[in-house]
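*Asks:* Dock chain B against chain A, hints included.
Chains as they are written, first to last, in the working numbering: chain A, 14 to 85; chain B, 2 to 284.
Check before you lean on any hint, since a few could be wrong.
Below 25 Å or equal to it, Euclidean Cα-Cα: the simulated BS3-like pairs (lysine-lysine) are [what the hints assert, rightly or not]:
1. B:K130 to A:K62
2. A:K62 to A:K45
3. B:K199 to B:K272
4. A:K81 to B:K125
These aren't lab readings, by the way, just hints derived from the structure by calculation.
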Amino acid sequence: MVDNVTADRLFKAKLVALIAMHFGDKTAELYKSVFSAMPVDFVEKTAEKLFTEYLGAERARALIFETKKQDI
Amino acid sequence: MTWHVALWVVYMSLAVVTLWSYWLAPAGTNTDYLQAIVYTVAPAIAVAGGLLTVKEYGIRSAAGRIFFTVTLGLIGWLCGEILWTYFDLVAKIDPFPSVADWFYFLAYIPLCAGLIWQYYFLHKTVQTKLPYTLRLLLTMIAVLFSGIALYFGVYKSIQPDYSLFENIVAMTYGVADIVLVLVGLVITIVTIEMRGGKFAAAWWWFLFGIFCTFLADISFAMFTPEYEGGMGYYRQALDTIWIIGYMAMGYGLGRFGWLVHGLRTRVEAQKFENSQVDKTEKK
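Looking at chain A on its own, in the form it has when it is part of the complex (with noise of 0.2 Å):
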């Protein structure tokens, strides 16, 4: 198991390759700079909505499922 702290960030950086699979390497780094200053469930909220807008609700749901699924 890890702290928290080492939690949330691999939460946030599996966030961020998910937005430069889908969205490209430029968004990821400006989502990447964005997400580093807020705070973890805000940064689900966020992603979540950009998956939604982009990907659909359905597809949304899913990658935050799958992200948080994951064993760290």
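*Replies:* Positioned in the frame of chain A, the structure of chain B alone reads:
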């Protein structure tokens, strides 16, 4: 002027020139050249749309590589169109069969690979599968279109006065159209499974472009003598449908880049606004 505005200006200009050169201008050599230019600029715009999206995504991202692969297919079609036009109009050689056909055929490989890659890329996160009735309906439509392509594109394309090689090339176009139907089915599934989202609209545009290409290809197979003999409005109509197809594919592909560019601009503006608020609060 941003690149997507520039792309719109080019699109509108091409639409006006297409309308003029194919439907309104008096017949003549100049009109033939103008039509040839329009006909090669259309796939060039489709390629430009794809390349601009690849630039926005970056080639290292999975989506960027997928769009690059699809764009490679469009580059193949562009090369085919340029060579076909060159043989037909400049070199005055019958372009069928020629090296242009190879470019048309080879283009299907990256095009299909890219779209199937896109299907697997998005399909793995699908939670709710398409309803059985919808899957059945899509399969029936695909079978119907494949049947049409098989009959008109393969069976009816066989000409007794053609050589064996010419007949094989002609039939391959029919087979390629069946591939086009299957690719169209893949994009339809991906798009419906998205169940909303701004990227879905871009895929619908691309699908519309594929459908126009299929429609024009099959109509060409059905009315080849009328098209080649310049009878009625067959040539104008079919070339216009092909051009619309290329433009729709280019718009669909370019729209992805446009959307991602717009997203980044919005986030950057928000980031700047937040930093200004922070500065004010510190003061």
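*Asks:* Decide, hint by hint, whether the structure agrees.
*Replies:* Results for each hint:
About 22 Å separates the Cα atoms of B:K130 and A:K62, which keeps this hinted pair within 25 Å; it holds. Between A:K62 and A:K45 the CA atoms are separated by roughly 16 Å; this keeps the pair inside 25 Å, and the hint holds. Restraint check for B:K199 and B:K272: the C-alpha separation of about 22 Å stays at or below 25 Å, so the hint holds. A threshold of 25 Å between alpha carbons decides the hint, and for A:K81 with B:K125 the separation of about 16 Å falls inside it, so the pair holds.
Every hint, counting from the list given before, is met by this structure.
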